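Visitor: Residue-level listing of the chains:
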Amino acid sequence: MTQPVLSVENLSVEYEVGAGRFQAVSDVSLVIPPGRVVGIVGETGCGKSTLAQAIPRLLPEPPAHILSGKIIFQGVDLVPVPRGKLPMVRGTGIGMIFQEPLNSLNPAFRVFDQIAESIQIRHWREMGVLPVFHPGPTPWDYSHRPLPETADVLSHSVIPPGAKEKVQRKALSRADYRREVLDYLRLVRINDPETILNLYPHELSGGMRQRIMIAMALSEKPALLIADEPTSALDVTIQAQVLTLMKELIDEVSASILYISHDLGVVAETADDLGVMYAGRLVEFGPVADIFERPRHPYTKSLLRSIPTRYKTDWPMPTIPGSVPNLSLLPRGCRFHPRCALARPICGQEPHPPLRVVEGATASGTPHQSACHFAEEVASQP
Amino acid sequence: MAALAPTPAQRGRRLVSSAWRSVVNLYKVMRANPLSFVGFVLVAITLILAFIVVADPSLIIPYGATQDTGVYREPPTILQWPPSIAHPFGTDQGGRDIYSAVLLALPLDLGIGVGIAGISVLLGGFLGLVAGFWDKPGTLGGATSTLIMRVTDVFLAFPSLILALAIVASIGRGVWSAVLAITITWWPYYVRLVRGEVLAVKHLPYVTAARAAGVKDTRILTRHVLRNVLDPIIVYFTLDIGTVLVTFSTISFVGAGIPYPGPIPEWGSMMSYYQGNFLLSQYWWYIAFPAIAIFMTALSYSLLGDGLRDVLDPRTRRALTQTVAHEPPSEVKEAAVAPVETPEEEEALEESEA
Chain A
1 MTQPVLSVEN LSVEYEVGAG RFQAVSDVSL VIPPGRVVGI VGETGCGKST LAQAIPRLLP
61 EPPAHILSGK IIFQGVDLVP VPRGKLPMVR GTGIGMIFQE PLNSLNPAFR VFDQIAESIQ
121 IRHWREMGVL PVFHPGPTPW DYSHRPLPET ADVLSHSVIP PGAKEKVQRK ALSRADYRRE
181 VLDYLRLVRI NDPETILNLY PHELSGGMRQ RIMIAMALSE KPALLIADEP TSALDVTIQA
241 QVLTLMKELI DEVSASILYI SHDLGVVAET ADDLGVMYAG RLVEFGPVAD IFERPRHPYT
301 KSLLRSIPTR YKTDWPMPTI PGSVPNLSLL PRGCRFHPRC ALARPICGQE PHPPLRVVEG
361 ATASGTPHQS ACHFAEEVAS QP
Chain L
1001 MAALAPTPAQ RGRRLVSSAW RSVVNLYKVM RANPLSFVGF VLVAITLILA FIVVADPSLI
1061 IPYGATQDTG VYREPPTILQ WPPSIAHPFG TDQGGRDIYS AVLLALPLDL GIGVGIAGIS
1121 VLLGGFLGLV AGFWDKPGTL GGATSTLIMR VTDVFLAFPS LILALAIVAS IGRGVWSAVL
1181 AITITWWPYY VRLVRGEVLA VKHLPYVTAA RAAGVKDTRI LTRHVLRNVL DPIIVYFTLD
1241 IGTVLVTFST ISFVGAGIPY PGPIPEWGSM MSYYQGNFLL SQYWWYIAFP AIAIFMTALS
1301 YSLLGDGLRD VLDPRTRRAL TQTVAHEPPS EVKEAAVAPV ETPEEEEALE ESEA
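Protein chains in written order, with our numbering: chain A, 1 to 382; chain L, 1001 to 1354.
Hints are computed from structural coordinates only; laboratory data are not their basis. Owing to the predicted nature of the structure, the values given are computational and were not obtained by experimental measurement. Note that CB positions come from ideal geometry on N, CA and C, so glycine has one too. Each hint should be verified, as a subset may be incorrect.
What the hints assert, rightly or not - Here are a few chain L residues that face chain A, going by a calculated C-beta distance under 8 Å:
no., residue
1, 1189
2, 1264
3, 1315
As the list claims (entries may be wrong) - Capping the alpha-carbon separation at 25 Å, the derived lysine to aspartate or glutamate pairs in DMTMM-like fashion look like this:
no., chain 1, residue 1, chain 2, residue 2
4, A, 221, A, 293
5, A, 85, L, 1135
6, A, 247, A, 180
7, L, 1136, A, 126
8, L, 1216, A, 252
9, L, 1216, A, 269
10, A, 221, L, 1217
11, L, 1028, A, 203
12, A, 85, A, 43
13, L, 1136, A, 61
14, L, 1216, A, 61
15, L, 1136, A, 113
16, L, 1216, A, 263
17, A, 85, L, 1217
18, L, 1028, A, 377
19, A, 85, A, 61
20, L, 1136, A, 77
21, L, 1136, A, 203
22, L, 1216, A, 77
23, A, 247, A, 263
24, L, 1136, L, 1153
25, A, 85, A, 176
What the hints assert, rightly or not - With the C-beta cut set under 7 Å, the calculated list includes, among others, these residues of chain L facing chain A:
no., residue
26, 1019
27, 1021
28, 1206
29, 1227
30, 1228
31, 1232
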């Protein structure tokens, strides 16, 4: 089996707010194989965005702390990496698309400067001017060593020692940057890119800004792209356009993608694997088709039942009773049991069950996992 | 590509045309706000006058550095002439031409205003950037930040004028000691201002986005954060030039600055000298003209600061330079007509607009 691009192991992230502290992400594990799109869905406040920002370690520390766990990106654990070395992982290693296209572009710079900066970072790293995150063992200098586990490798450049002299350290001219920026603007289907190039962010519409954000992230050719609700802040028609674009790009770009969303429909269309989060925990993980056809966690099942469709005739619309628990006042035992139709005494007594593989793993490779004591019964329940 | 490369003459023409375009844009922005346009013109006039005074005073100062009009040599022997054609600002009890003195003081006063405010904005701005950006408690940056802010607080705790007077009194009169004294009391305000701005900007989503793109902290600070805190700093700086002038004049006025009459006149010291020795009601022109000079200089820089705010904000700038609401901006049109632009021209454009 090939090495996964990213594997998160038992990650817990805590926020310290005033005197109180709460875990926004508890014990989350997930694996993203190369070239695969993994979706994460969940309600507002279930820790999706915290997870997304914790992976490239973008959370402000404090108030956030990574309590435990590993974030293994291309074979290197990012958790012990000192903050000063993190920039070399970001951008070309882990790229990100944020949910607020309105504020995520610097208001003082033109579109050209915004994208050119990303291209420059990638270019400098390719030339060895800027240090680069070391993507695990490579033929030239790590083949004789075991898999690196510490952060030391981060200090090395991907340029092999002998090849360094051959690298032309010629800076790209402005015309080169211009050509490349235009290419990326065309990639994200912007009409008349030559005009857009000279505009400031405030002169663009929300959909355009989100396209620029996507172009910025893609122009660094990241090994892993994290899309943190890229369509949530847009209105419905623009959402559809950007979503279509994302789907087309996912086919064109071979990056692995972590797609965060609160919209099950969006994830169903984009992702290969799907993780469902509830109150800071991953409660179900598996291939999208599997989860939609045979959900193995009561929460997922209730969620799927609550999707309104044109053809549904039952009224009132099914809902999940109660509301998402406050993360600082979590129920004892399984976090979902107060709202669960299947709840039994054991659910409130035992600690929250870990993810475990349920029977009937599918051919697509990713085992279907669920964090329910009675995962096998869920499917048979009405 | 070689065949398409522009000749030096073409490049020169393009540079000139882009420079001219940016001047026109600046004019358009300034024109939209008449008051700031007045400030812009006044500042230009003071700068030109100061340049002439430094280069060749005899062009505009009829009586030279000594301001000796020789009025006492010819009858009737009156020393204190009121303003007239020959002596626009009148003469004083020594027969000195006040018009010459006011103009002679212009380069010094401008230099003091821009110099003190400039040193303060550089020093205070740098410390404020560092203190605001690396303020995480428990780290080296946090300790530095705390140190900077506490030292700043100590300086802010003193009334600045009293502190400046005390410094001048202890190291002696003169231009340099007065400049030093005011600078020492001036920079802490910039630390506070810049730190506050940085704290507001550094948690905005676009800074996080830059961080996510792999930009290093120092570059985020110098490129993304600095550019966005620059507008209020520059506006405050231009407003401050006037305040520095008034403060410097105050120090001179109470007798701690530059002695008058002396080799170089200074507006504040002129006022101080005249008000101490002669009747204001009788010889009103002694004080009126240096006071008007201070007032006009302070006012023109304040008005310019107001206008600069509009120029620096891409939103207002673009809105004001566009004459027709739906017409694309001029450089965009050009890009559509001539897609092969030289890097030089774009750079010139960038510089002129930045």
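Visitor: Compare the structure with each hint and give your call.
Guide: Here is what the structure says about each hint:
Of the supplied interface hints, the one on residue 1189 of chain L is violated, with its beta-carbon coming no nearer than about 24 Å to a beta-carbon of chain A, more than 8 Å. The criterion of a C-beta within 8 Å of any C-beta in chain A is not met by residue 1264 of chain L, whose closest approach is roughly 42 Å, and the hint is violated. Using the Cβ-Cβ criterion of 8 Å, the hint placing residue 1315 of chain L at the interface with chain A is satisfied: the shortest such distance is roughly 5 Å. Among the hinted pairs, residue 221 of chain A with residue 293 of chain A is inconsistent with the structure: their alpha-carbon atoms are about 34 Å apart, more than 25 Å.
A threshold of 25 Å between alpha carbons decides the hint, and for residue 85 of chain A with residue 1135 of chain L the separation of about 19 Å falls inside it, so the pair holds. Distance check on the hinted pair: residue 247 of chain A and residue 180 of chain A sit about 22 Å apart at the alpha-carbon level, within 25 Å; holds. The suggested pairing of residue 1136 of chain L with residue 126 of chain A is violated, with an alpha-carbon distance near 32 Å, which exceeds 25 Å. Restraint check for residue 1216 of chain L and residue 252 of chain A: not satisfied, since their Cα atoms lie roughly 29 Å apart, outside the 25 Å limit.
With a CA separation close to 36 Å, the supplied pair residue 1216 of chain L and residue 269 of chain A exceeds the 25 Å bound. The hinted pair formed by residue 221 of chain A and residue 1217 of chain L meets the criterion: a straight-line CA distance of about 21 Å does not exceed 25 Å. For the hint linking residue 1028 of chain L to residue 203 of chain A, the alpha-carbon distance of about 20 Å falls within 25 Å, and the restraint holds. For the proposed pair residue 85 of chain A and residue 43 of chain A, the alpha carbon gap of about 33 Å is over 25 Å, so the pair is violated.
About 9 Å separates the Cα atoms of residue 1136 of chain L and residue 61 of chain A, which keeps this hinted pair within 25 Å; it holds. A threshold of 25 Å between alpha carbons decides the hint, and for residue 1216 of chain L with residue 61 of chain A the separation of about 17 Å falls inside it, so the pair holds. Between the alpha carbons of residue 1136 of chain L and residue 113 of chain A the distance comes to roughly 29 Å, so the proposed pair goes past 25 Å and is violated. Between the alpha carbons of residue 1216 of chain L and residue 263 of chain A the distance comes to roughly 34 Å, so the proposed pair goes past 25 Å and is violated.
Proximity of residue 85 of chain A to residue 1217 of chain L is assessed by CA-CA distance (about 10 Å); at most 25 Å being required, the pair is judged to hold. Taking the CA atoms of residue 1028 of chain L and residue 377 of chain A, the gap is about 74 Å. The hint is violated against a cut of 25 Å. A C-alpha spacing of about 15 Å is found between residue 85 of chain A and residue 61 of chain A, which places the hinted pair at or below 25 Å, so the restraint holds. For the given pair, residue 1136 of chain L sits about 24 Å from residue 77 of chain A by alpha-carbon distance, which is consistent with the 25 Å threshold.
With a C-alpha separation of about 35 Å, the suggested pairing of residue 1136 of chain L with residue 203 of chain A is violated against the 25 Å cut-off. Straight-line distance between C-alpha atoms of residue 1216 of chain L and residue 77 of chain A comes to about 20 Å, which keeps the hinted pair within the 25 Å bound. With a CA separation close to 15 Å, the supplied pair residue 247 of chain A and residue 263 of chain A stays within the 25 Å bound. For the hint pairing residue 1136 of chain L with residue 1153 of chain L, the CA-to-CA distance comes to about 19 Å; that is within 25 Å, so the pair holds.
Restraint check for residue 85 of chain A and residue 176 of chain A: the C-alpha separation of about 29 Å exceeds 25 Å, so the hint is violated. Using the Cβ-Cβ criterion of 7 Å, the hint placing residue 1019 of chain L at the interface with chain A is not satisfied: the shortest such distance is roughly 18 Å. Hint on residue 1021 of chain L is violated. Least Cβ distance to chain A is approximately 13 Å, over the 7 Å limit. Taking 7 Å as the C-beta cut-off, the interface hint given for residue 1206 of chain L holds, the closest approach to chain A being about 5 Å.
Among the interface hints, the one on residue 1227 of chain L holds; its C-beta lies about 5 Å from the nearest C-beta in chain A, closer than the 7 Å criterion. The closest approach between the C-beta of residue 1228 of chain L and any C-beta of chain A is roughly 6 Å, which is under the 7 Å cut-off, so the hint is satisfied. Nearest Cβ of chain A to the Cβ of residue 1232 of chain L: about 13 Å, over the 7 Å cut. The hint is violated.
Figure legend: structure checked against the earlier numbered hints; hints not met, in rising order: 1, 2, 4, 7, 8, 9, 12, 15, 16, 18, 21, 25, 26, 27, 31.
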